[in-house]
Structures are given as C-alpha cells and as structure tokens.
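S.K.: Work out the full structure: start from the sequences and follow the hints.
Each chain, letter by letter, is given below.
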Amino acid sequence: MTVRGYHLAQLNVARPVASLDDPVMADFVGGLARLNALADNAPGFVWRLQDDDGDATALRPFGPDLMVNMSVWTSIELLREYVYRSAHLDLLRRRREFFVHAPSEVYTVLWWVPAAHLPTVDEAWQRLETLRTQGPGPDAFTFRAPFPPPGGAVAGPSSVAARSDGRRTRGSVLG
Amino acid sequence: MATYRLGGVTGPEQLEPDLGALGALADRSRRAVYRVVCEAGAEAVSRDDVAAALGVGRTLAAFHLDKLVDAGLLEVSFARRTGRAGPGAGRTAKLYRRSATEHTVTVPPRAYHRVAELLAEAVERTAADATLFAVARERGRAQARAQAPARDRPRRARQARQAGIDDLVRALTEDGYEPVAGPDTVMLRNCPFHLLAEQFPPLVCGMNLALVEGLVQGLGVTGWSAATDPVPGHCCVRISKSNQD
Chain A
2 MTVRGYHLAQ LNVARPVASL DDPVMADFVG GLARLNALAD NAPGFVWRLQ DDDGDATALR
62 PFGPDLMVNM SVWTSIELLR EYVYRSAHLD LLRRRREFFV HAPSEVYTVL WWVPAAHLPT
122 VDEAWQRLET LRTQGPGPDA FTFRAPFPPP GGAVAGPSSV AARSDGRRTR GSVLG
Chain B
9 MATYRLGGVT GPEQLEPDLG ALGALADRSR RAVYRVVCEA GAEAVSRDDV AAALGVGRTL
69 AAFHLDKLVD AGLLEVSFAR RTGRAGPGAG RTAKLYRRSA TEHTVTVPPR AYHRVAELLA
129 EAVERTAADA TLFAVARERG RAQARAQAPA RDRPRRARQA RQAGIDDLVR ALTEDGYEPV
189 AGPDTVMLRN CPFHLLAEQF PPLVCGMNLA LVEGLVQGLG VTGWSAATDP VPGHCCVRIS
249 KSNQD
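The listed protein sequences derive, respectively, from chains A and B. Going from the first sequence to this note's numbering is simple: count from 1 and add 1. Going from the second sequence to this note's numbering is simple: count from 1 and add 8.
Treat the hints with care, since some could be wrong.
Partial pick of chain A residues on the chain B-facing surface, computed with a CB cut under 8 Å [stated by the list, open to error]:
no., residue
1, Q51
2, L90
3, D91
4, R133
5, T134
Everything labelled a hint here was simulated from the structure, so no lab data went into it. Even glycine gets a Cβ: it sits at the ideal position worked out from N, Cα and C.
M.R.: Dropping the structure here:
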C-alpha cells in the first residue's frame, strides 16, 4: 500500500562480532555490494545512507562499534519484499554469525517520513529510542507491529502483531 | 493478503466456518477437483482444464469448482486466455486457484500454533538460531534414516542418487512441500510453515533450510544441495544439482 505523501524509513543498527577485515565477517563483507545493488534496483526503493564507497559500513554515527543501515522506501510491503523475499533473506538467516545480539536491545525501527524528506541519523536514533522506551507505536514501529502512515490505514501482512497487546516488540530484521 | 490466525485455537466460534470449509472436501469427486487446482500451483485453471484433467463434463467440473469457491477453498479471477485456438479462444474465462486462507480443525481443541509462536519468540530473543538450525538438520537426517535405511540402497552411484532423489521427493511430498522435480532442480511450491515463516522469516526459513539439508544429506543425494532462494508463491528453499559428476 502506498500512501501519497509518506514514505517508510528504516534504521538498523548492528554490532559486528569482529572487525570487518576478520575472516568471520568475510561472507557479510563480500555480499554487501551485491545486496546494496539489489536494494537500489528493488521496487519501492527511494534512498539509502551511504558514503563515497557506496555503503554505510564506515559511517559510525552512534559509536565506533555500531554499524548503521538506513533507507527509505515507498511502502512497508515493498521494503518487506526486499528484506525477506530476496537474496537478502540469506544474510538474515546468518545474522547471528555476524552480529552480536543482546536480548534486551532494540536494533531495528521503522517510521513514516514526508515523501520529500530524507531522514538524518539523529532523527533515526530518536525513533530507535522511542521504540526502545515506549514499544511500537505510530512514531516508531516494527514489521511485526506495523502502524499506518498519518491519515492512512495499514494493510500489512502482520496484522496479528498490530492487534496484539502492543507490548514491546523487538526489531525483527537483524535484531 | 493472508489473514493471520496464528495462535488461534479451534474454539466453538471458529469451528463452524472451518468445518464448513473442510466439509466441502468430504465428497470424493470434489476432492479430485480441488487436487487438480492445487497441482496447477500459482497458475489459475479454467473449468475446461479441470474437466479435461478428470475426464468429466465441464458442467460438473464447474459445479464442484463453484462449491469450492463458496466454501472459501478456491479463489476466482477473470482473465483472457491467450495462446488458445478453437471455440472460446480470446474470451474472458473464469479461473480458479487455491485460496491462501488456512483452515484447521482439531477435536478436542488444540493450539499447537500458539506454542510454536511462543517458542519462536523465545528462540528469537535468546538468539538461539544456531541451536534451532542444528536440531532441524538432525531431524532431517533422522527422518531420512527412518524412511530409507542405507542397506536398501543400490550399489552403483548413479542408481543410488536417483533412488535418493525419488526418496527425497516422496518425503517432501509427505511433508506438504508440493515438490516439482526437474532434471537439475527440485522446486517447492508450498511452504508448510507459511504463517510462522511470515512472522519470523530468518528463523523459520533458516530452520526450514536446515531441515531440508538434513533430508538431502541423509538420503544420500550426492551432488545436490539446498539453498535459500525466495521466489514469489514458493517455499524459500530450492534444491539443485550443485556439481557435475
């Protein structure tokens, strides 16, 4: 569902188990260019955070150990297609090999932005904080507990999560 | 979009509609019609296709098809069918395909889906993915051993491999994957874990891959391997020939 005027923004933070030049990270690093190209050409893709090298692995706005991945899409369904129904799924399957997981941590957040607006990392961090402290809501949510854009109704496949008790739900991407 | 009822139980309120839907399959010839539609997979079929497949009249085929639609087991679409000659060519046809809505009836009421959901959430939170994958791989191998003991295997490598592929297709069919075997690949048309896979994709798709890998290895299908390959309307796993030998 595309709601005129709003795009979906996504932030994912991840703590690699080792430095990126360590052999345990080789499959992640080696697959990055292909997955980024896949995203760039995926239906619904609008924008992603990147530096001159074409990815965001060297950008560490939240500390030297925390990698970020931030992008904007036209709808939650199309982001979902890329994340879970493309070659990207195989990276997610192996997420625990590459990234540290703390049970109490929140790693992923989704939120709506006006279509003309590209989110900043500070803004994204605020959304992650909102999800961390308040659980999923219209301002910060997850795939499993989605919320509609302002003035819209969300028709996501995760309606079960939306109708559940609204308690804190952890990020479901690399989380 | 499919509606979730994961976590639901066949309580009194849900029993009626689910029993009504499944009751439509009690008739043997209607069940045959349903099977023909399911076997066509993502491709919708017409009453003529069904009539031809079963060797029955198109009126009878249409009668059963429409009963299955009323029960919510099939979905209808209308499309102009191209590439056909003769009467009816170019006309808009009523087409049928399997509905994505799931129906479960258990008596007495049981809620195993609900348990699965809680366990998945717990594995997710504790990041125990690797343990789940290891368990699934062991299960796949154990299932293979139970199905096809090694002593029954033909001696020659080629025959053994073909017997392994036949066993694999049989096991996958039995487990609800609806496999379609080609010369170099086995595609899986159905995900037996669909709702859970939608909710916990990395976890459940990873588990599924490990389960299938265990089966492939346990059945001794040498030179073939399973990999993640999400294709719309299919299971996320594809089994294919990995090398020439």
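S.K.: Of all the hints numbered above, which does this structure not satisfy? Sort the numbers upward.
M.R.: Of the numbered hints given earlier, those the structure breaks are 1, 4 and 5, listed in rising order.
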